[in-house]
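J.: Start from the sequences and build out the full structure, keeping to the hints where you can.
For the sequence shown, the positions run 1 to 1090 when the UniProt record's numbering is used.
Please keep in mind that the hints were generated in silico from the structure rather than gathered at the bench.
A couple of the hints might just be wrong.
Cross-link-like lysine-lysine pairs, in silico, DSS-like; alpha carbons within 25 Å at most [as the list claims (entries may be wrong)]:
1) Lys-1075 x Lys-928
2) Lys-186 x Lys-713
3) Lys-985 x Lys-1075
4) Lys-186 x Lys-219
5) Lys-669 x Lys-695
6) Lys-651 x Lys-163
7) Lys-120 x Lys-177
8) Lys-898 x Lys-879
9) Lys-571 x Lys-443
10) Lys-219 x Lys-267
11) Lys-277 x Lys-219
12) Lys-780 x Lys-1030
13) Lys-665 x Lys-764
14) Lys-985 x Lys-1030
15) Lys-647 x Lys-890
This one's a predicted model, so the numbers in the text were calculated from it and none came from an experiment.
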Amino acid sequence: MSTACSRRHVSGSRDSKLIGAVQRIIRLKYQNCRSPKQLNAKDSSLNSLNSKIEASISDPNEYDKEINASEEFSESIVKSRIKIKKQIKLLEEKTVTSMQSTVSFSNTPTIKLPEIPLPKFSGRYEEWNNFKLQFNNLITSNNQLSQEQKLHYLNSALTGPAKDLQSIDDTFDSLFKALTDRFENKRLLVELHINELLEAGKLTTESAKDLRNLTDNIKKSIRGLKVLEYNRNNLSDVLILNIVISKLDKQSRQYYESSLSSNEVPKLDDLISFLEKRAQILENINKNAAVKPKPFLDRNGKPKTFFVKPNKVERPCAMCKLNHPIFKCEAFMKLTVDQRNQFAIRNKLCLNCLSDQHFIKFCNSKSTCKECGCRHNTLLHRNGNTVHRNLPNAVSVEKAASSQELNPNADEFRSNVSPQDNIGHSFSCIDKTNKCTVLPTIKVWVLNHFNGSFLQARGILDSGSGQDLMTADFANRLGLPQEKTNFAVSGLGGNETKVKSRLRATIQNGSGSYRTSLDFLVVPKITDFLPIVTYNLENATIPDNLADPQFATTGKIDILIGAQSFFDIIKNDQIRSPNSGLVFRNTVFGYVASGAVNSSTPVQYCGFISQVQSIDDCLRKFWEVETINEPAKMLSEEEEFCEHHYKTTHKRDETGRYIVQMPVKDIEKLGESKTMAIKRLDQLWKRLSRDEAMKNLYQDFMQEYLDLDHMEKVNDVKSASPLCYYLPHHGVFRPEKTTTKLRVVFNASSPTTSGSSLNDHLLKGLVKEDIFEIMTRFRKHKFAFTTDIQKMYRQILIDPAQRDLLRIIWKDREDADPTEFRLKTVTYGTASAPFLAIRTLKQLALDESSRFPLASDVTQQDAYMDDIVSGASDLGTAKELQSQLHSMLKAGGMTLHKWSSNSKELWNSCASNDQEHQFLSTTEPSVKTLGITWKPTEDTFTFKVSIIEKASCTKRDVLSVIARLYDPLGFIGPVITKAKMFLQKLWQLKVNWDGELSEPLAKQWTQFVGSLKFIEELHIDRFLLADTIKKIILVGFADASQAAYGAVVYMKSISETNSVVMKLIASKSRIAPIKTISIPRLELSACLLL
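T.: Here is the structure:
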């Protein structure tokens, strides 16, 4: 007992000390109690000591003596425990609230404020500053959050392209720094804000909403510039003021000018106040007055007229109040003519077009009655012969849901074709008897040679078409290989449709008794759905064996079979339907329907008319009068998309190399391509096995691709992406070449099982480079050089997400198993490769312009694909430019080589293995510069002619020689003009393409070809200017004859010593058209070439 009491006494002393400590903690303000775990530990200690005290009381006689002390301790423990638990609960609630909101701690706990959501950042540069400011205030400056929590919140705040940004370390500081480095682009942000002001659309209506938007954009841009430390001043206010005034609509501009009381320059703030007040006034009076747009003008200043179908809301029918025109109202059509007239007059309808918006004297429609030609609607014609007839013995016609809306007075759109148009195709259209022509349609089975399966197509027989046609949609589903071609299919009125591909397909009937192979031109669309109305055949006599059982039901036409096979398909016997006017003609596919049926709804139809444009028509370009080049057009919708896509998706890795994405469209429609790639690989190895030299070069090429990390092996083939494309490849082997003997071609135009290839789903973008301008600038430099970017395409990486679209299959030996690889770089052979390469080079110049200003300007102006052609007026600047080009291209992961220069000092400054020619060479070295031969040591342009003279030649040989005479600056314009004149002569004589020329013509052409060798003696100075320039004069000449006309420009430079240098800049020439044109007019055409 004494031992227990001693222990109780010791425990009691410790407990007293503990209770005292707890009371001190509780007396502190709860804001300073930062550790709920500490209070929990104290609570546990009190519970433990209480148990020890209770265990120490073992003798009941001693219990009464110690009860008071125990109760006192117990009461203290209970009170302390309650206070501790209460305090713990407060702290835990506070901590949970802090972790959930991570924003702020309220000093007024009685009011629950809504949580502040985290700001989001999608990767738009203009949003970065606001996001950074808010995120720093809410998260970065919150010391209660750990680095891991801050990283989590930052990742959750990123969306879009910003979410894909990678950092060096997986930490908050590293990721936030990467974001800052990428998006805190002050120069770009300033440019964006300025562009928002400059590119704001001009207001076309006096609208409160538009005025509000304009003022909001002004304030937003000014505020954004102010954040970037570009404050307003008098000059900026004047500039913004005039920009904003130019954007106002005419009415608002007038009101603003009227509000000015003096000639002093108004203030920007006053303009903004005026616009806000004006918007408020318009809102109060709910005014939105539209400004009538100006008509489109053609190049001669005359208004253009466009035939369009506006998307307008139809007014309800005046009779049944449903959404259709009254001339389509069944209730109105059931009325008699007198009842229709009475209804139109009673409801104040226009008696000509049946509109309820005006009376007949204000009607603008030029349509008249089909029956009598008077100015009233055909449905109101009173002569007893109404349009609506009951035809119990004929086939009735029901309006099809898919047919287009046709007005009964639509005869004004009918076209007439004269016999001299010489269009080889029949057509039909509606006449006054409201007849509807039925055209013969058939169901055909078309063979897919790859898998032996058949697809059913709906076709139309047309004896007037000179070609067989197939829609592109059906051709893609068929999956047959398509051959590139260049035809023009023309229709009624001469409207042309370009045909770029053709294919050969086998067709057969259902029983297989008839089979033939036809060559089809692939066109976007053959005709509208046929028939354009659905027939009710209750009273018609129909044979059993129909070629198209659904001939009376509206449907799509997939193929057209023309005159070449028409009469092989048609048989002699026919059946007439006595009650319908239809004729059923027997064919190898069964009976086809044709003829005419009566219709209560006039229907107008014109069949498809086809005519193949011959190569002779294409050659007219050689001698037609050519128009002056029009100003550069605005970017097309596709080009704008490619530009925007590149700007928002390109990035650079840690080495500076660019990572880009291919612009794609409908990529999910790609089919399976691996089977074709394996088949082409087997064919390739059959060729390689017969040519050891080519095989070694091919193996070296593929190994180089691997060694340079330009492709990677696909390790997990089974987990392939659903969007994969396998590029077949082959080699072009030229053993006579001194440098690149083998060129491997990746074929991205190979079709998949869906009929489309990768190139069909890639956008090309805009590739705009002018050789004429580049070469003309090249001639102004005293110290000139040319260089080449080594393997330019392969220095640009493709985004890993798209590399499955660039798979290839390869094996080192013919008997080895095929291995799959992914190409990692921009690949030549893909449609988007030129755009991506050129655009990346321009982007590199923009990104590095501050560090390499000279190189940046030259790269943007004087680069053509992977060639850079430039120079400088002095040697020092030329060397600096050369050095900057080296450094700038290296920063983008690219290397320059094949340097050539007219200056030995400039040439010596590059490594020997990067030099294109040798100054000490005895053979006067020459290099190709954008297709033109340049001799750097002489600094002259020359020509090399490698045309083999033939004993006999054809018109095709003549065209081939002309096409090989490349002269962008017109140095040998008279020579090429003479050749074109000869070709024009052959065309006038109607010489066949592959027939040998007559002896006089062959002799004349042989003499011309033999004289071409003297062109090699022609030397044109590259440098245009004098050494020291005092004055420059441009001199132009233009002249014409009955055969041709042309113009030439010279530069006359006068030096400080008054010495004169006259050099030829360029010339242009054209062949006169065959149709006789007066000499004065041809001379004016020549002047326009200047």
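J.: For every hint, state whether the structure bears it out.
T.: Status of the hints after comparison with the structure:
1. At most 25 Å may separate the alpha-carbon atoms for a hinted pair to count; Lys-1075 and Lys-928 exceed this at roughly 40 Å.
2. Restraint check for Lys-186 and Lys-713: the C-alpha separation of about 41 Å exceeds 25 Å, so the hint is violated.
3. Restraint check: the Cα-Cα separation between Lys-985 and Lys-1075 comes to about 13 Å, which is no more than 25 Å; the hinted pair holds.
4. With a C-alpha separation of about 19 Å, the suggested pairing of Lys-186 with Lys-219 holds against the 25 Å cut-off.
5. Between the alpha carbons of Lys-669 and Lys-695 the distance comes to roughly 35 Å, so the proposed pair goes past 25 Å and is violated.
6. Taking the CA atoms of Lys-651 and Lys-163, the gap is about 13 Å. The hint holds against a cut of 25 Å.
7. Restraint check for Lys-120 and Lys-177: satisfied, since their Cα atoms lie roughly 17 Å apart, inside the 25 Å limit.
8. This hinted pair checks out: Lys-898 and Lys-879 have alpha carbons roughly 16 Å apart, not beyond 25 Å.
9. Proximity of Lys-571 to Lys-443 is assessed by CA-CA distance (about 17 Å); at most 25 Å being required, the pair is judged to hold.
10. Restraint check: the Cα-Cα separation between Lys-219 and Lys-267 comes to about 15 Å, which is no more than 25 Å; the hinted pair holds.
11. Simply put, Lys-277 and Lys-219 have alpha-carbon atoms about 15 Å apart, close enough for the 25 Å limit, and the pair holds.
12. Between Lys-780 and Lys-1030 the alpha-carbon distance is near 15 Å, which keeps this suggested pair within the 25 Å criterion.
13. Only pairs whose Cα atoms come within 25 Å are accepted, and Lys-665 paired with Lys-764 is accepted, the gap being roughly 11 Å.
14. Distance restraint check for Lys-985 and Lys-1030: the Cα-Cα separation of roughly 48 Å exceeds the 25 Å cut-off, and the hinted pair is therefore not satisfied.
15. Between Lys-647 and Lys-890 the alpha-carbon distance is near 22 Å, which keeps this suggested pair within the 25 Å criterion.
Taken one by one, the earlier hints fail for this structure at numbers 1, 2, 5 and 14, listed in ascending order.
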